[in-house]
Amino acid sequence: MNASAVFKNRSLPYLLIAPQIAVTLAFFIWPAAMAVFQSLLREDPFGLATEFIGLANYVDVLEDPRYLDTVIRSCVLAVVVTAGAMATALVLATMADGVGRGSGVYKTLLIWPYAVAPALAGVLWFLIFNPSIGVVGRGLNRLGVVWNPALDGTQAFVLIVVAAAWKQISYNFVFFLAGLQTIPRAVIEAAAIDGAGPGRRFFTIVLPLLGPTTFFLLVVNLVYAFFETFAVIHATTRGGPNSATETLVFKVFNDGFVGLDLGGSAAQSVILMALVGGLTALQFHFLDRKGAR
Amino acid sequence: MVETRPFLALLRHLVLLAGAGVVLLPVWLAFVAASMSGGDMMNGELGLVPGSQFYANARTVLVDGLRSGGVPPVGLMMLNSLWMALAISIGKIAISLLSAFAIVYFRFPLRKLMFWMIFMTLMLPVEVRIVPTFKVVADFGLLDSTAGLALPLIASATATFLFRQFFLSVPPELAEAARIDGAGPMRFFVDILLPLSRTNIAAMFVILFIYGWNQYLWPLVATTGESHYTVVMGIQRMVAVPDAEPIWNIVMATALLGMLPPVLVVLAMQRLFVKGLVGGDK
Amino acid sequence: MKLLKTFAAVLLGSACFSAPALAATEIQWWHAMGGELGEKLNSIADGFNKQQSDYKVVPVYKGTYPETMTGAIAAFRAHQAPAIVQVFEVGTATMMAAKGAVYPVYKLMADTKQPFDPKAYLPAVTGYYTDSKGNMLSLPFNSSTPVMYVNKDAFKKAGLNPDQPPKTWPEMETAAKALQKAGTACGFTTGWPSWVQIENFSAWNNLPIGTKENGIAGLDTKLTINSPAHVKHIADLATWQKSKIFDYGGRASDAAPKFYSGECGMYMNTSAAYAGIKANVKFDFGVAPMPYAPDVTKEPQNSIIGGASLWVLNGRPTAEYEGVAKFFNYLSSPEVQADWHQFSGYLPITKAAYELTRRQGFYDKNPGTDVSIKEITNKAPTANSKGLRFGNFAQIRDIIEGELESVFAGKADAKTALDSAVERADKLLRSFEKANQG
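Residue numbers (the working numbering), protein chains in the order written: chain A, 1 to 293; chain B, 1 to 282; chain C, 1 to 438.
There's no promise every hint is true.
To be verified - With a Cα cut of at most 25 Å, we get these calculated DSS-like pairs of lysine-lysine:
no. : chain 1 : residue 1 : chain 2 : residue 2
1   : A       : K107      : B       : K135
2   : C       : K56       : C       : K222
3   : C       : K365      : C       : K133
4   : C       : K99       : B       : K135
5   : C       : K107      : C       : K56
6   : C       : K99       : C       : K119
7   : C       : K177      : C       : K222
8   : C       : K232      : C       : K167
9   : B       : K135      : A       : K8
As the list claims (entries may be wrong) - Computed footprint of chain A on chain B, listed as stretches where at least three residues anywhere in the stretch have a Cβ under 8 Å from a Cβ of chain A:
no. : stretch
10  : 55-62
11  : 77-85
12  : 88-98
13  : 130-140
14  : 191-205
15  : 222-229
16  : 256-264
Simulated from the structure, these hints should not be mistaken for lab results. Think of the CB as a built atom: it goes at the ideal place given N, C-alpha and C, for glycine as much as any other residue.
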């Protein structure tokens, strides 16, 4: 933090920061502490009988081979959604950057899905891919692909990826386009004069210059794919079939709120918090640098 | 000079049009579904061409209400969504401006600690702390209220962070001058800092409004009365009907209405929206 | 202008909606009935509210069955519980174990001195919700049992007699093949995979689902759904999945569009799917009993119920409970029950409602609507077909359905999957046993 001019006042700063701290304490720190506490207990759902069992919930969670599967699955989902949404957005942004004056129109056409709630995006794609009544689902079946996401885990997974990536393309597009537009024309032109074709220019000049934007988007997209896919999953496959679309976040919710395994769910919460802590630190480390540039 | 081969230009437009088409596809299909009668849809007659029932379905959704879908009329749900989105976005901006101001312009004990405490909130998306948060909100007696919908989501590390970055970029001379003129900190905040932050605030508002409008899980668990349903969670209620198939044409009509306000906000305030985004994360 | 008016109407409507009730004591009733059923449920509550002015029952739709139940439990922990909550049958063990949270119905009726005769209810239904001393703990509300719906038009096209649907599993295979030959893409599909193809398959063929009388006689129970008969049935389904004799369409009632759209000629699901089918299909359909396995039993036993019952939760002001008791009496009246039964396809929960429906000529006018009641009363229940009571069963059912999905998808064989289901379920049963000792 560089030193801005500083006002001197004993109580005012506390007053100013109080609302934020109050909300943080009440709705973040306190529930988080409760989760830690709960993770050490075995309780019946109604909370009528409680027993302290130490770290047994953690042991149960970590010893369950299905939990490891879920960890892997969540990572795969995050990576695939991120890669899909970013690659598509990069292609579209590069194209839009090249068309000159028309780019504004395309921008308008491409950015609005950002405003669509993930849950709604999920429901839309879910209907389209419904094997009995959806256009794409029926089309696939007619083409001889046995399309049944209610049974085929891979297909259900694809559905989640498509819905989640679809929504995120607009976000990445805006950033890539902004990034591309800051690249000085002269640099590109110089390369063109040197005889570099569009492909080579893209990989040797444009892409490296987009590095910071790309890295930033990578982190944001991974966080998005990790957490916000929850709504997509909950509104559509609910983790099925046979857990094929169950992510860590979905499992926390499902075990706690549906399965009523409060201790196990809390233990998973705590593990997840630690995990996300790392990602967040990374994101802010980067944001800090970017903001201070 | 960079090539201006017509072939390349054509290719660019084609790729972009295809992209725009794919992006638009689900919404178009939702519109088609929303324009069919329930029976036609269930009989597999859903195609790419809209039917003739859109007006009738929209009417059902808006005027007659959705008793058969298990949710209150869409108008009410939209109103609830609006309240929630406004409460969250305005609340987030207000408390973030204040705390960023405190962090940048004052030195006080525990400052660093509080700064980090605010950032820790990012680690705890509501999905992860859903069960204990529900309990806390219930203990405060805030279930089923607009306050209960908004408060747990109102702390904002990102907004605080961004305003902090912006304040840091404001020339320190301004504050210095204000101090020499004998203006107190609040005078400086209201008369100088806020006007300077106008665009940032507006950009932030667009992003946070969308964030608030699109909340899903929290309203789902925190509302027990239909009078507080929001439209995004209402869709889930309509899709997850037991022992029956969702009334898809009505669901889609509702979904379209539910996504309309935030989409309009993005389109109408495109410039601010992009600034809000690129200026920083959500 | 028109739009403005519409908007004003909407606003007004919403204002009315949120207007506070008058002096009447409000009774919250959380339920999981969406769609047409939810609408009917609202009108039932309305009927009660119009009949008297002291109480106002407010039905609140809380989403799926699991969500409704957990929502209520979470609310109970936060001291915000509704007076009445509809809990699906697999949550029964959890509710029964929660002695401090639940106000048993028999006790409620006695405390409030409301007339209450447990014998008026169908034993096949109440057996599920009665404790070992014969006390009714919750009020059955919507009970159903799986039946088989057939597309009569498709049957005719395939040269099959639409009034003689297949009675056994081998006949199912033959009929399905005939349907496929005549152009129907798939033979049959199913809703609620575990409930229909495991739990009711067991009861209907007189096979145990678990030890200790399916868990009713004790918490130290273990699932037995990996018996050879079960394995054979699931393996058959998996084989049939490949040729679309059977086509899996998802959990709960997600398979419905497969039947609605004519893709599958037969559809096994809850008797409560009747209303939805009637509203959505354009062909002539019929209702038949579930097929049985002739190599397991000579004739079918009886089916078990699903659906939900109404539990009363502790912690509300006393005044509300009298209203709840009165409301339960209203709900159990033959007129209300018969109306609900005829509308929804759920079973009539009282003998009087069944009699009334019969006298009204409903079954004659709507052939097939009495199939469900004939199934549950087919024979005197055995230890295998009284019902089931397993702790954590919502999760266990999730496990079973996950394992079934892996079999149908060809990723595991039936034996391995069912063994694994039993083993995984055992962990949950043991932890429930531990948490509820004493």
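- Item | Violating hint indices (sorted, rising) | Hints 1, 2, 3, 7, 9, 10, 11, 14, 15 are the ones this structure does not satisfy, whereas the remaining hints hold.
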